[in-house]
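Chain A is fixed; fit chain B onto it per the hints.
The chain contents come next:
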Amino acid sequence: DSGVTQTPKHLITATGQRVTLRCSPRSGDLSVYWYQQSLDQGLQFLIQYYNGEERAKGNILERFSAQQFPDLHSELNLSSLELGDSALYFCASSVEGAPYGYTFGSGTRLTVV
Amino acid sequence: GESVGLHLPTLSVQEGDNSIINCAYSNSASDYFIWYKQESGKGPQFIIDIRSNMDKRQGQRVTVLLNKTVKHLSLQIAATQPGDSAVYFCAEASGNTPLVFGKGTRLSVIA
Numbered sequence: 062d063s064g065v066t067q068t069p070k071h072l073i074t075a076t077g078q079r080v081t082l083r084c085s086p087r088s089g090d091l092s093v094y095w096y097q098q099s100l101d102q103g104l105q106f107l108i109q110y111y112n113g114e115e116r117a118k119g120n121i122l123e124r125f126s127a128q129q130f131p132d133l134h135s136e137l138n139l140s141s142l143e144l145g146d147s148a149l150y151f152c153a154s155s156v157e158g159a160p161y162g163y164t165f166g167s168g169t170r171l172t173v174v
Numbered sequence: 790g791e792s793v794g795l796h797l798p799t800l801s802v803q804e805g806d807n808s809i810i811n812c813a814y815s816n817s818a819s820d821y822f823i824w825y826k827q828e829s830g831k832g833p834q835f836i837i838d839i840r841s842n843m844d845k846r847q848g849q850r851v852t853v854l855l856n857k858t859v860k861h862l863s864l865q866i867a868a869t870q871p872g873d874s875a876v877y878f879c880a881e882a883s884g885n886t887p888l889v890f891g892k893g894t895r896l897s898v899i900a
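So the protein lines, in turn, are chains A and B.
Per my numbering, the first sequence starts with residue 62, numbered consecutively.
Per my numbering, the second sequence starts with residue 790, numbered consecutively.
Same shape as in the complex, but just chain A (with noise of 0.2 Å):
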């Protein structure tokens, strides 16, 4: 158990749907980092909170949205799903702001039908 929290682990939905992934972080740790992996494209990164704040965003496409809360938790939001969305989504958490060996969970898995 690597102390950061996903839930659910597995998600089945039908396009054009809205779906919400959550992530609480190890304990002590103030950022949230979201990645997307799919086939053929490796961990792609989305977006970043840091103690409640956006911090950095990647290749996040509009239909996605995130926010991390007073607790620490993070969720991320994608609406009118494509099948193009089926991918596994990682969160990972670090004390500080910066990138240092961060840890992940063990992702969500969603596919899209």
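Simulated from the structure, these hints should not be mistaken for laboratory data.
Glycine included, C-beta positions come from ideal geometry on N, C-alpha and C.
There could be a bad hint or two in this list.
Facing chain B, a subset of chain A residues (Cβ under 8 Å, in silico) [claimed, not checked]:
(1) 63
(2) 103
(3) 104
(4) 106
(5) 119
(6) 125
(7) 130
(8) 134
(9) 148
(10) 160
(11) 166
Not close to chain A: a few residues of chain B, all C-beta gaps over 10 Å, as computed [said to hold, decoys possible]:
(12) 817
(13) 818
(14) 823
(15) 897
Just chain B, lined up with the frame of chain A:
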């Protein structure tokens, strides 16, 4: 377990041999590098990291080498074991930017 299913370079090694996994990075401003191991159905797991002011760092059975001149990073695993079978990713960062991951290499250990 779940397979990532990526079309990745594959390295096959005999159990007990040493493995070398290579990675080329593109950003000459990157000053931090890290290797992760991802087993089937799991999230990436930290192996070892190195900062740009070093060219070598050793851990338990693993060594990372950094050649900034040619922007190349390698991970050496000594006495490779079946449990080392996984996908290995290198990642880089510049300052406080989030990690940028490479495509990964699949290591298969032949018993």
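Checked hints:
no.: 1; hint: 63; verdict: holds, 7 Å
no.: 2; hint: 103; verdict: holds, 5 Å
no.: 3; hint: 104; verdict: holds, 4 Å
no.: 4; hint: 106; verdict: holds, 5 Å
no.: 5; hint: 119; verdict: holds, 7 Å
no.: 6; hint: 125; verdict: violated, 16 Å
no.: 7; hint: 130; verdict: violated, 20 Å
no.: 8; hint: 134; verdict: violated, 17 Å
no.: 9; hint: 148; verdict: violated, 10 Å
no.: 10; hint: 160; verdict: holds, 4 Å
no.: 11; hint: 166; verdict: holds, 5 Å
no.: 12; hint: 817; verdict: holds, 17 Å
no.: 13; hint: 818; verdict: holds, 14 Å
no.: 14; hint: 823; verdict: violated, 6 Å
no.: 15; hint: 897; verdict: holds, 19 Å
Violated hints, listed in ascending order, are 6, 7, 8, 9, 14; each of the other numbered hints is respected by the structure.
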